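Chemist: Chain by chain, the residues run as shown.
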Amino acid sequence: MASGWRGRDVISILDFTRGELEELFLEADKVKMALRRGGLQRRPLEGKLVALAFFEPSTRTRMSFEAAAKRLGAGTIGFTGPEGTSVEKGENLADTIRMLDAYADLIVIRHRYEGSALYAAEIAEAPVVNGGDGRQHHPTQAMIDLYTVREAHGRVEGLDYAVVGDLRYGRAAASFMLALTIFRPRRLYLVYPPQLAPRREVVSALERAGVRFERAELEEVIGEVDVLYVTRIQRERFPDPEEYERVRGSYRVTASMLEGARDSLVVLHPLPRVDEIDHSVDSTRHAWYFRQARNGVPVRMALLKLILGG
Amino acid sequence: MGGDEGLVVRKIRHGTVIDHIPAGRALRVLRLLGATLGGGRRIAIVINAESRKLGRKDIVKIEGLEPRVEDLDRIALVAPTATVNIVRDYRVVVKRKVEPPAEVRGILRCANPTCITRKPGEPVTPRFRLVSRDPLEYQCVYCGSILGEREIVEQLGGPAPL
Ligand SMILES: [Zn+2]
Chain Z
0 MASGWRGRDV ISILDFTRGE LEELFLEADK VKMALRRGGL QRRPLEGKLV
50 ALAFFEPSTR TRMSFEAAAK RLGAGTIGFT GPEGTSVEKG ENLADTIRML
100 DAYADLIVIR HRYEGSALYA AEIAEAPVVN GGDGRQHHPT QAMIDLYTVR
150 EAHGRVEGLD YAVVGDLRYG RAAASFMLAL TIFRPRRLYL VYPPQLAPRR
200 EVVSALERAG VRFERAELEE VIGEVDVLYV TRIQRERFPD PEEYERVRGS
250 YRVTASMLEG ARDSLVVLHP LPRVDEIDHS VDSTRHAWYF RQARNGVPVR
300 MALLKLILGG
Chain Y
0 MGGDEGLVVR KIRHGTVIDH IPAGRALRVL RLLGATLGGG RRIAIVINAE
50 SRKLGRKDIV KIEGLEPRVE DLDRIALVAP TATVNIVRDY RVVVKRKVEP
100 PAEVRGILRC ANPTCITRKP GEPVTPRFRL VSRDPLEYQC VYCGSILGER
150 EIVEQLGGPA PL
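Heads up: the protein sequence lines correspond to chains Z and Y, in order. For the first sequence, counting from 1, position 20 maps to 19 in numbering that gives the first Met the number 0; every step adds exactly one. For the second sequence, counting from 1, position 1 maps to 0 in numbering that gives the first Met the number 0; every step adds exactly one.
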């Protein structure tokens, strides 16, 4: 098993089959169980080095990868933000990747240009994991999201989903929608303001995969879904601040809105949130976003373990 | 072929006739073939000829040239309806519809300004994968953006349609 994972790049969630993702989830189950018992017996990645190349500032994703690598016994090197690095002195991405490739056994990259992770993977011999390329992909987040859905519902396919918020520039939302082309949902509702409609390529991917999806309003879908995936709407997307204030209100989930929800409803959010999920939701049984965040390390551990072996 | 354009342009002895080009795109086709044309060739261009299938069409005749299939298929980017006739001794020996290539390297530029292929200083060649023939759509391998036929034709510019 898992031989297909060895040395593999992780650029887009679409690079993986359902069977491969299920292998990853089984591995994550094992890791999670071991962590609960107080840690892994062995350090399977002892002596390995993981490079964390975060050209774009990041706290959560970088720390999650760092924790995952260290808990497996691997060391980490890297940087966050271009300040103080050779990038700031005008080095191009290709040369930075070549340098990291010479030092490390695996490279995690986050960069604001779409396609940067694929480009890095073409240059590096070492496997490259995409930690977010511009607005395009965030495959490890999608893996964590799917894993959390599986944990909550016992399955990923055949459920009713709604994805809410910035479906245009939000890479977590885009990757989650793409992931649903691999695990067929029963229904998919897309809830977004017109300025933040899903990108053409995401819509065509859904169409080509035969996913049944439609645009809907938040209030009308809350009672109709098993998974509500909420993302942040960023102020910067709106030139007019008043427009932003108006739009924001209609994509905000509160506890009282969840009164008519299915018992099974789980609310997910890639975090950090601002106020798109009201704190009143935190204490409801629907709030799964903290558990989702806690799944970050075990899923990334499973991923690193499968790719680097051990 | 045939009909009245025979009155306009004499038949060629050896070479290539590209027929059924959407009206106004003949110069774009020539531009795409540019590198393979070489200098000094005799080329005839018919713009806005009558066509039963297309209403109006353009025709390009190039004497003494038998292009490679890869070069011909590139024509499909701006003229998906085009047919290519290879002529030897006044006789059509090969007649074939152009096929949009499954992958295009270089030639096209990604429309997304934050695509890695647009980042200054990176040695990266844009690559596009064919995702739909009708309507013609290519997807950037790097950033996923889709280029439609209108954008492709615009990019491969040349003079505006006559
Ligand atoms: Zn691109």
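Think of the hints as simulated: they come from the structure by calculation, not from any bench. The model shown is predicted, which means the values in this text are computed figures rather than measured ones. One or more hints might be untrue.
[Unchecked claim] Restraint-style ranges between C-beta atoms, simulated for each label pair:
1) Gly105(Y) x Gly6(Z): 40 to 48 Å
2) Ala208(Z) x Val93(Y): 46 to 54 Å
3) Arg30(Y) x Glu219(Z): 36 to 44 Å
4) Asp94(Z) x Arg104(Y): 37 to 45 Å
5) Ala208(Z) x Arg55(Y): 49 to 57 Å
6) Gly54(Y) x Gly3(Z): 50 to 58 Å
7) Gln154(Y) x Phe289(Z): 55 to 63 Å
8) Arg104(Y) x Arg207(Z): 17 to 25 Å
9) Glu242(Z) x Val93(Y): 26 to 34 Å
[As the list claims (entries may be wrong)] SDA-like cross-link-like pairs, simulated, lysine to any residue; straight-line CA separation at most 25 Å:
10) Lys118(Y) x Asp94(Z)
11) Lys118(Y) x Glu19(Z)
12) Lys10(Y) x Lys69(Z)
13) Lys88(Z) x Arg117(Y)
14) Lys88(Z) x Asp88(Y)
15) Lys118(Y) x Gly18(Z)
16) Lys118(Y) x Ile122(Z)
17) Lys118(Y) x Ser57(Z)
18) Lys118(Y) x Gly80(Z)
19) Lys118(Y) x Pro43(Z)
20) Lys69(Z) x Gly89(Z)
21) Lys118(Y) x Gly89(Z)
22) Lys88(Z) x Thr113(Y)
23) Lys118(Y) x Lys47(Z)
24) Lys118(Y) x Lys69(Z)
25) Lys47(Z) x Lys88(Z)
Ideal Cβ positions, reconstructed from N, Cα and C, are used throughout, including at glycine.
Chemist: Run the distance test for Lys47(Z) versus Lys88(Z): straight-line Cα separation, threshold 25 Å.
Modeler: Between Lys47(Z) and Lys88(Z) the Cα gap is close to 29 Å, so the pair fails against 25 Å, i.e. violated.
Chemist: Just to be careful, I want the Cα atoms of Lys88(Z) and Asp88(Y) compared with a cutoff of 25 Å; is the pair within it?
Modeler: Given pair Lys88(Z), Asp88(Y) is violated - Cα atoms ~63 Å apart, limit 25 Å.
Chemist: Check whether the Cα positions of Lys118(Y) and Gly80(Z) lie no farther apart than 25 Å.
Modeler: holds (17 Å)
Chemist: Is the straight-line distance between the alpha-carbon of Lys118(Y) and that of Ile122(Z) 25 Å or less?
Modeler: holds (16 Å)
Chemist: Under the criterion that the straight-line Cα-Cα distance not exceed 25 Å, is the pair Lys118(Y), Glu19(Z) satisfied?
Modeler: It is violated: about 33 Å lies between the C-alpha atoms, which goes past 25 Å.
Chemist: Would the hint linking Lys118(Y) and Gly18(Z) be met if the CA-CA limit is 25 Å?
Modeler: violated (36 Å)
Chemist: Just tell me: holds or violated, for the beta carbon distance of Ala208(Z) and Val93(Y) against 46 to 54 Å?
Modeler: Once the Cβ atoms are compared, 39 Å apart, the range 46 to 54 Å for Val93(Y) and Ala208(Z) is violated.
Chemist: Would you check the hint for Lys69(Z) and Gly89(Z), treating anything up to 25 Å between C-alpha atoms as holding?
Modeler: violated (31 Å)
Chemist: Is it true that the CA of Lys118(Y) sits at most 25 Å from the CA of Asp94(Z)?
Modeler: holds (14 Å)
Chemist: Holds or violated: Lys118(Y) with Ser57(Z), Cα cutoff 25 Å?
Modeler: holds (21 Å)
Chemist: Is the straight-line distance between the alpha-carbon of Lys118(Y) and that of Pro43(Z) 25 Å or less?
Modeler: violated (38 Å)
Chemist: May I ask you to test the hint 50 to 58 Å on the CB atoms belonging to Gly54(Y) and Gly3(Z)?
Modeler: holds (53 Å)
Checked against the numbered hints given earlier, this structure breaks hints 1, 2, 3, 4, 5, 7, 9, 11, 12, 14, 15, 19, 20, 23, 24, 25; the rest are met.
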